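Chain by chain, the residues:
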Amino acid sequence: MMRRYTTLSALAVLFLFPLVWSGWASFEDPSNYLEMARFGEGVGTYATNSVLVSAMTVAGTLVVSALGGYAFARFDFPGRNLLFLATLAILMVPYATILIPLYVLLGYLGLQNSLAGLSLVFVMFQLPFALFMMRNAFEAVPRELEEAAMVDGCGTFLAFLRVLLPAVRPALVTVGLFAFLASWNDFFAPLILLNDGASFTLPVAVVSMTQQTFGAIDYGMLQAGVMVMALPCLILFVVLQRHYVRGFMSGALRG
Amino acid sequence: MRLTAARARRAMGWVYAAPTALIVGVLFLAPLVLVVWMSLHRWPLLGKAAFNAPANYLKIPDNPLFLDSVVFTLKYTMITTVLLSAVALGLALLVQERRPGVAFFRTAFFLPGAVGFAAAALLFYGMLNNDFGPIDPLLRAVGLIDEPVKWIGTPDMALFSTIALVVWRFAGFNMLILLTGLQAIQVEVYEAARSDGAGRWQIFTRITLPLLRPTLALMLILSVTGSLLAFDQFFIFTNGGPDNSTVSMVMVVYREAFFRFDLGGAAALSVVLLVALVGVNALMMRRLR
Numbered sequence: 001m002m003r004r005y006t007t008l009s010a011l012a013v014l015f016l017f018p019l020v021w022s023g024w025a026s027f028e029d030p031s032n033y034l035e036m037a038r039f040g041e042g043v044g045t046y047a048t049n050s051v052l053v054s055a056m057t058v059a060g061t062l063v064v065s066a067l068g069g070y071a072f073a074r075f076d077f078p079g080r081n082l083l084f085l086a087t088l089a090i091l092m093v094p095y096a097t098i099l100i101p102l103y104v105l106l107g108y109l110g111l112q113n114s115l116a117g118l119s120l121v122f123v124m125f126q127l128p129f130a131l132f133m134m135r136n137a138f139e140a141v142p143r144e145l146e147e148a149a150m151v152d153g154c155g156t157f158l159a160f161l162r163v164l165l166p167a168v169r170p171a172l173v174t175v176g177l178f179a180f181l182a183s184w185n186d187f188f189a190p191l192i193l194l195n196d197g198a199s200f201t202l203p204v205a206v207v208s209m210t211q212q213t214f215g216a217i218d219y220g221m222l223q224a225g226v227m228v229m230a231l232p233c234l235i236l237f238v239v240l241q242r243h244y245v246r247g248f249m250s251g252a253l254r255g
Numbered sequence: 001m002r003l004t005a006a007r008a009r010r011a012m013g014w015v016y017a018a019p020t021a022l023i024v025g026v027l028f029l030a031p032l033v034l035v036v037w038m039s040l041h042r043w044p045l046l047g048k049a050a051f052n053a054p055a056n057y058l059k060i061p062d063n064p065l066f067l068d069s070v071v072f073t074l075k076y077t078m079i080t081t082v083l084l085s086a087v088a089l090g091l092a093l094l095v096q097e098r099r100p101g102v103a104f105f106r107t108a109f110f111l112p113g114a115v116g117f118a119a120a121a122l123l124f125y126g127m128l129n130n131d132f133g134p135i136d137p138l139l140r141a142v143g144l145i146d147e148p149v150k151w152i153g154t155p156d157m158a159l160f161s162t163i164a165l166v167v168w169r170f171a172g173f174n175m176l177i178l179l180t181g182l183q184a185i186q187v188e189v190y191e192a193a194r195s196d197g198a199g200r201w202q203i204f205t206r207i208t209l210p211l212l213r214p215t216l217a218l219m220l221i222l223s224v225t226g227s228l229l230a231f232d233q234f235f236i237f238t239n240g241g242p243d244n245s246t247v248s249m250v251m252v253v254y255r256e257a258f259f260r261f262d263l264g265g266a267a268a269l270s271v272v273l274l275v276a277l278v279g280v281n282a283l284m285m286r287r288l289r
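Chains as they are written, first to last, in full-length UniProt numbering: chain W, 1 to 255; chain Y, 1 to 289.
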C-alpha cells in the first residue's frame, strides 16, 4: 500500500515537473512577460486572435451540433443516415490530408487568411464528436417533456429552445470544452490557413518567434509564451474535469 | 391531412440538419473531392492550374525525402505506440481502484494532456536546452552525465527526446481511455478469480488483459493513426533535423506545398497518405475488434 503511494508520488512529480519548471522559468524574471507582450505584433494581438477563433469555434460547434443533434434524435428526414455517416467519416479521414485542399477552397470562398474561415474548419473537425454527443443527449430526454410544451402551443423550435436545450446542458458544456481545447491549442490548421503575421493565433505566433530568431532565442520569454498558452487550458480543465471525463466515457473521442 | 403534417415534419428535420449538411458538404466532402482533382493537376501555389495527370503520382518514387520519411514515420510509430501503451497501462492499473488521493494522481497524469501540443513542444525545447534548461544540471548533479547531452543534436537523441515529449503529453490521455475499459470489468469477476486462488499476475493476464481488449484496440488505433500523422512535434521540436533525420510524412506534404510551392504534388502525396491510412484503419479495426 505504502509502496504504491510512493510510486504514484514519484510519477506525479515526473509528470508535473515540466509544467512547474515552465512556470518557474517564466516568472523567474517577470520582464519575460513584458518582452513577450512586445514580441512581433504584440502578444495582445495574437491572444485576441486566439480568443476570437476559440469563441467562434465554440459558438459554431454548439449551434450546429445542437440543431443537428436535435434533427437526428427527433426527426426522420430523407438522407438522414447518409448525412450521419458522412459526418462520422470525418473521423476516418486523416486531418492533415485535407488541409491543402481546404486552403485552396477557403481561397475560393474569400476566407483565406481569415479567423472566421479557420473557425469554420475547426467546427467541421469537431462535428463528429459534437453531433454524436448531442444526438445521444437529446435521445435521453423523455419525449413527453417537449410534447407537453407543444400542447401548450410551442412550435418545435420553441420546444427545442425552452425545454430541450436546458435539459442537455451538461452535454453542451462537454462539447464546448472539447471545442475550446481543440481550437485554442491547434497548430497545424492555423499554420496552413493563416499566412499573415497579424492574424496568427498564439501557437503559430510563439513558434514563429523561436524559428525567426534562430540562434538567439530568449528562452525565458519562450516559457512565458508557453504559460500564456497553457494556463487557460489547465485552469479550464481542472474546473470542468468532470465534463471532460464524461465526454470520454461516451466513447466518442477523437485522438 | 395527416400526410402533409408528416411531410412537414420531415421537412422540418432538414431545416435543423441543414447547418450540419452545409458544413459537412462544403468543408469536408468538397475538399475530399478537391484533393483528388488537385492531384491530377500541375497546381502552383500562385498561378494557373493545368491538367498533368498522372505526373504528380509518377514523381513520388523519385522523392527520396518522402521515401525516407515513410521509413522514419513507421519506426517512430512503432516505438511510440509500444512505449505509450506500456506507460498508459501501468498508470491506469495504478489508479484503477478508488482510494483516497487517487483522483489527484489521475489529474496529475492527465494534466499535460490539457496543454496544447505546440506549447508542450516549446516547453520541452526550453527544458532540454543545455544552457537554459534544468535537465542537464540535474543529471550532472546526480552524476549521470559529465558533459552536455545533445538532446536534439543527433538523429537518435532527437528521436528519443521527441518520444519522451509525446509520452509525457499523451500518457494520461491514453490512461483515461484504458480506465474507461477497466471500470467496465465487473468487480465480481475479480472476486471469483481470487476465491479460485488466482494470483495477481494470473488475474492480470487471464482476466484484465482479455477483457480490456476492445479498449486496448481503441487506444492502439488512436496511437498508430496519430503517430503516422505526426507533424507538430517534428516541425516545432526538431525542425526535421538534424540532417532531415526526423522528417515525418506529413512534414513532407507541408514542405512540398509551402516550400516548393507545388500544391499538386502535395495533393498527390495527401491522396496516397489518405488511402494508406484509411486502409490501415480498416485493417486494424478488423484484426483488433
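Wrong hints could be hidden among the right ones.
Derived coverage of chain Y by chain W (criterion: at least 3 residues anywhere in the stretch with Cβ under 8 Å from a Cβ of chain W; other residues may be distant) [stated by the list, open to error]: (1) 54 to 64; (2) 271 to 282.
Interface residues of chain Y toward chain W, partial, derived using beta-carbon atoms under 10 Å [claimed, not checked]: (3) G113; (4) A119; (5) I177; (6) T180.
The set of hints was computed from the structure by calculation and includes no laboratory data.
These figures come from a predicted structure and were not determined experimentally.
Glycine included, C-beta positions come from ideal geometry on N, C-alpha and C.
**Q.** 8 Å C-beta test of the stretch 271 to 282 of chain Y against chain W, three or more residues
**A.** It holds: at least three residues are needed, and the stretch 271 to 282 of chain Y offers 6 whose Cβ sits within less than 8 Å of chain W.
Q.
Using a Cβ cutoff of 8 Å, are there at least 3 residues of the stretch 54 to 64 of chain Y near chain W, or does the coverage claim fail?
A. violated (count 0)
Q) Any CB of chain W closer than 10 Å to the CB of Y/A119? A) holds (4 Å)
Q: Let me know if the C-beta of Y/G113 comes in closer than 10 Å to any C-beta of chain W, holds or violated.
A: Holds, because the Cβ-Cβ distance from Y/G113 to chain W comes to roughly 8 Å (cut-off 10 Å).
(Q) Let's test the interface hint: is any C-beta of chain W closer than 10 Å to that of Y/I177? (A) With a minimum Cβ separation of about 7 Å from chain W (threshold 10 Å), the hint on Y/I177 holds.
(Q) Let's test the interface hint: is any C-beta of chain W closer than 10 Å to that of Y/T180? (A) Status holds, d = 6 Å.
Hint compliance for this structure: hint 1 alone is broken.
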